[in-house]
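Generate coordinates for the entire structure from the input sequences, incorporating the hints supplied.
For reference, each letter of the sequence shown is one residue, going 0 to 54 in numbering that gives the first Met the number 0.
What the hints contain is simulated information worked out from the structure, not anything from laboratory work.
You may find that some hints are simply not true.
[Unchecked claim] Label-pair restraints from in silico Cβ distances: (1) 2 with 22: 17 to 27 Å; (2) 2 with 25: 14 to 24 Å; (3) 16 with 46: 10 to 20 Å; (4) 46 with 4: 11 to 21 Å; (5) 4 with 26: 12 to 22 Å; (6) 3 with 47: 11 to 21 Å; (7) 2 with 34: 18 to 28 Å; (8) 43 with 22: 17 to 27 Å; (9) 43 with 23: 11 to 21 Å; (10) 29 with 4: 29 to 39 Å; (11) 31 with 2: 33 to 43 Å; (12) 5 with 46: 17 to 27 Å; (13) 2 with 28: 13 to 23 Å.
The structure presented is a predicted model; accordingly, all values stated were derived computationally and were not measured.
Backbone N, C-alpha and C fix where the C-beta goes; we use that ideal spot for every residue, glycine too.
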Amino acid sequence: MDERPGEPALWERLYRLWIAHADQLRRELGEAPAERMLAEAQQVLLTPAGRRPSC
0 MDERPGEPAL WERLYRLWIA HADQLRRELG EAPAERMLAE AQQVLLTPAG
50 RRPSC
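As structure tokens, then:
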């Protein structure tokens, strides 16, 4: 298994940026793609780290 200790923090920052820039995502990508991204971000951020699926 390839261990990447900094990867979870990277994804958390990315998801938080998506949420912070939701309006811009909607403008640039369209409503449906942006909403899918935001739903993913919300779901992952609300799931405790130990219960998230590993890739």
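Tested hints:
1. 2 with 22: 17 to 27 Å: The hint (17 to 27 Å, Cβ to Cβ) is violated, given that residue 2 and residue 22 are roughly 36 Å apart.
2. 2 with 25: 14 to 24 Å: At roughly 36 Å between Cβ atoms, residue 25 and residue 2 fall outside 14 to 24 Å, so the hint is violated.
3. 16 with 46: 10 to 20 Å: Once the Cβ atoms are compared, 18 Å apart, the range 10 to 20 Å for residue 46 and residue 16 holds.
4. 46 with 4: 11 to 21 Å: 19 Å Cβ-Cβ, so the 11 to 21 Å window holds.
5. 4 with 26: 12 to 22 Å: violated, 35 Å
6. 3 with 47: 11 to 21 Å: Taking Cβ atoms as reference, residue 3 and residue 47 lie about 19 Å apart, which means the hint holds.
7. 2 with 34: 18 to 28 Å: Violated, at about 33 Å.
8. 43 with 22: 17 to 27 Å: holds, 20 Å
9. 43 with 23: 11 to 21 Å: For residue 23 against residue 43, whose Cβ atoms are near 20 Å apart, the range 11 to 21 Å holds.
10. 29 with 4: 29 to 39 Å: Cβ of residue 29 to Cβ of residue 4: about 35 Å, so the range 29 to 39 Å holds.
11. 31 with 2: 33 to 43 Å: This hint holds: roughly 35 Å between Cβ atoms.
12. 5 with 46: 17 to 27 Å: holds, 19 Å
13. 2 with 28: 13 to 23 Å: With a Cβ separation near 32 Å, residue 2 and residue 28 fall outside 13 to 23 Å, so the hint is violated.
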